[in-house]
Amino acid sequence: EPEVTQTPSHQVTQMGQEVILRCVPISNHLYFYWYRQILGQKVEFLVSFYNNEISEKSEIFDDQFSVERPDGSNFTLKIRSTKLEDSAMYFCASSDQGYGYTFGSGTRLTVV
Amino acid sequence: QKEVEQNSGPLSVPEGAIASLNCTYSDRGSQSFFWYRQYSGKSPELIMFIYSNGDKEDGRFTAQLNKASQYVSLLIRDSQPSDSATYLCAVNMNTNAGKSTFGDGTTLTVKP
Chain W
693 EPEVTQTPSH
703 QVTQMGQEVI
713 LRCVPISNHL
723 YFYWYRQILG
733 QKVEFLVSFY
743 NNEISEKSEI
753 FDDQFSVERP
763 DGSNFTLKIR
773 STKLEDSAMY
783 FCASSDQGYG
793 YTFGSGTRLT
803 VV
Chain R
142 QKEVEQNSGP
152 LSVPEGAIAS
162 LNCTYSDRGS
172 QSFFWYRQYS
182 GKSPELIMFI
192 YSNGDKEDGR
202 FTAQLNKASQ
212 YVSLLIRDSQ
222 PSDSATYLCA
232 VNMNTNAGKS
242 TFGDGTTLTV
252 KP
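Residue numbers (this note's numbering), protein chains in the order written: chain W, 693 to 804; chain R, 142 to 253.
Misleading hints may appear alongside valid ones.
[Stated by the list, open to error] Within a straight-line C-alpha distance of at most 27 Å, the following computed DSS-like cross-link-like pairs (lysine-lysine) qualify: (1) R:208 to R:197; (2) R:197 to W:770; (3) R:240 to W:734.
Derived from the structure by calculation, the hints contain no laboratory data. Computed from a predicted structure; not experimentally measured.
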């Protein structure tokens, strides 16, 4: 079964450092997303990406965040200057039309 | 008022019983509805999606949608210990793709 692949599985970074989270969505999917889940809390939308541009973003997705699809397979989330409150599990997801998401296994980001 | 609200849980049922999980949503314009299962420490996994009023069955799972009441539910028949997980209700404003708004989840425990 096709998978969404995320790397790394765990990243520890110092406050103020830049991090890049990487994702390889399912190859024939057209819609890509980043969500995050702070420990014990609900899954929160960050950004959606379609046709090589951001289609929607949340209030969380401020100027410190950016996304890129640098080639035909990778989809990245960059946080420019991490804060303690950015510590969370970050999930990449992709979808084909409106049939629900396939999530990657996630990257646990710990900001110290 | 929360946009997507689920039973506070936790919910405990004996093996073989029917588990009933409920979800209400606030935006009457919502078009598509999803149930995800999330095991502890893992990413959400799509179980079912439903767009139209009524019931939709897939194996032991039945999703029920009532748009007039802004209510969606998931029934799990013949519950198994492996069904023990947190169940997430998610709602989209359109049927094509796009942002999902998740509820807090209901944790289900199936006791052997």
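So, going through the hints one by one against the coordinates:
no. : hint           : in the structure
1   : R:208 to R:197 : 14 Å, holds
2   : R:197 to W:770 : 39 Å, violated
3   : R:240 to W:734 : 14 Å, holds
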